[in-house]
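Engineer: Each chain, letter by letter, is given below.
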Amino acid sequence: MKTLSRLYIGLILLFLYAPVAVMIFFSFNSGGSVWVFEGFSFDWYKGLATNTSMLEALQHTLIIAVLSAAISTIMGTAASVGILALRKRISRSTVMSVTNIPMMNADIVTGVSLMLLFVFIGNLFALRESLGFFTVLSAHITFNLPYVILSVMPRLRATDFSLHEAALDLGCTPVKAFFKVILPSISTSIFTGAIMAFTLSLDDFVISYFTCGHYQTLPIVIYNMTKKTVTPDVYALSTIIFLAVFVLLILYNTLQTKAETRRGVNA
Amino acid sequence: MNKKSFGSRVVAAPYIVWAAIFIIVPLLIMAYFAFTDANGVFSLENFTQIGRFKKAFGLSIFYAIIATIITLLLSYPMAYYMTKLKISSQRMIMMLIMLPMWMNFLIRTYSWITILANTGLINKFLDFLGIGRLQLINTPGAVILGMVYDFIPYMILPIYTAMSKIDNSLLEAASDLGSNSLSRIRRVIMPLSLPGVISGITMVFVPSVSTFYISQKLGGNKDMLIGDAIEYLFNTGPHYYNIASTLSLILMILILICTLIMNRFSDDEEAVVV
Chain A
152 MKTLSRLYIG LILLFLYAPV AVMIFFSFNS GGSVWVFEGF SFDWYKGLAT
202 NTSMLEALQH TLIIAVLSAA ISTIMGTAAS VGILALRKRI SRSTVMSVTN
252 IPMMNADIVT GVSLMLLFVF IGNLFALRES LGFFTVLSAH ITFNLPYVIL
302 SVMPRLRATD FSLHEAALDL GCTPVKAFFK VILPSISTSI FTGAIMAFTL
352 SLDDFVISYF TCGHYQTLPI VIYNMTKKTV TPDVYALSTI IFLAVFVLLI
402 LYNTLQTKAE TRRGVNA
Chain C
16 MNKKSFGSRV VAAPYIVWAA IFIIVPLLIM AYFAFTDANG VFSLENFTQI
66 GRFKKAFGLS IFYAIIATII TLLLSYPMAY YMTKLKISSQ RMIMMLIMLP
116 MWMNFLIRTY SWITILANTG LINKFLDFLG IGRLQLINTP GAVILGMVYD
166 FIPYMILPIY TAMSKIDNSL LEAASDLGSN SLSRIRRVIM PLSLPGVISG
216 ITMVFVPSVS TFYISQKLGG NKDMLIGDAI EYLFNTGPHY YNIASTLSLI
266 LMILILICTL IMNRFSDDEE AVVV
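Protein sequence lines, in the order shown, are assigned to chains A and C. 228 is the number that this note's numbering gives to position 77 of the first sequence; each next residue is one higher, with no gaps. 140 is the number that this note's numbering gives to position 125 of the second sequence; each next residue is one higher, with no gaps.
In short, the hints are calculated from the structure, not lab data. Please read all numbers here as calculations on a predicted model, not as lab measurements. In this text, a Cβ means the ideal position worked out from N, Cα and C, and glycines have one as well. Mixed in with the good hints there might be a few duds.
[Claimed, not checked] Using C-beta positions, here's what the derived DEER-type ranges look like:
id : chain 1 : residue 1 : chain 2 : residue 2 : range
1  : C       : N195      : A       : T380      : 50 to 58 angstroms
2  : A       : S242      : C       : Y247      : 39 to 47 angstroms
3  : C       : T251      : A       : I346      : 35 to 43 angstroms
Using the sequences provided together with the hints, build the complete structure.
Structural biologist: Following this line, the structure appears as structure tokens:
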């Protein structure tokens, strides 16, 4: 039974990693094919360093991810506080239903509906280009917001109100009490929301595809590359991304385990 | 009970304005395009034309259902076996499942071409064995494989989360009352993991039914799926915005109906969020 279950887990992991292994392997191909391995070389990696369109796209991706994560985290945290303060139950549930829409909906529908909005605004102001930096940024903020809110809101709801009251009794202004008492107690969930927003933004292809215009992010450049005959440079790029994420995850995991053992010792 | 709060509702104002402009208004514009002709005059003409996309809708739904079923069948034992491991191994496997998810799905899909192509790795191996080549790429099977591969983490993770929450004492109680392992799975684990299954199904079905990349790359553009049709029409020009909006609207309603049906099966609020 035990061997069988281990075998099964192994097979699923093999399924998950077979394409990844293939990709890493062929990124070292000295030839230009992703089928025929001619010899080992770092040529495609060296080529990346001089591929300006890709480097530019990488820069765009990072700018959009950082900005959209920061803005949606601040707006989403404020929204969570405000939504809980709404007096009527019906207005709370209406806002929450609307918040759920981008999460439930297919990305393609969110993408095209935003594109229609941006084209409409562009025509209204007779802009030469209706799509670009600001449209892709606002699109990313829009699909990040629900994840931030759904990360912060439950934690906020579970926070002990008496602490906040105590701070007020001790002479804090409501704003100061929020920053001194409430914010520290929900900081983990805000951080989780921000990380989630950042990675969603990094990875998004479908919504960016419809809203970015000439401000191309990395997934868009990858898409354009896979439209033509693919050379191993795409694989080389992906291998780098894969390794970066791998290192980050290991780091995060170790830190978490450490934090847990420390907490365990204290408790 | 007097519900107290930490702050003022005014701080939600920027978000509410944002949500109105970027969530509600775009959908209204989409609906406007769906119900008008190219001149902006009200018309139901677009809806009479969707017969042309019947096959695309049918195939999308069919492929997505098959992909969701296969994903579920593969994921359920995986999640179950994972909960039987040591906590540290569980965490490591979770990480391994999430890792490919953080890689761009375009590349993950594309790598399958290397494996499945006519001169790809599987066919080379078959050649080597002297069996002869198989047509693997550009088939419906390849498209479904792509869907299963891309979205399987979204099935494993919620099921695993639901299962790992199950109190061990319930299983012990079931054994004490005479259940064997099979009936423990059927009577205890299955009902309690249902919320995870439900959210897994939604999270695999929705991206599968609306995908537009997987079919182009692995299906060789032979059969157009509804996502392909929407993408193609929107890229062809503003002239096709009306019919493309109609298709998007129908796709959205389809997904909404599916989600509502699935949510009826689970009253656990958390399941939707995971």
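Engineer: Against the structure, test the hints numbered earlier, and report the numbers of the ones violated in rising order.
Structural biologist: none
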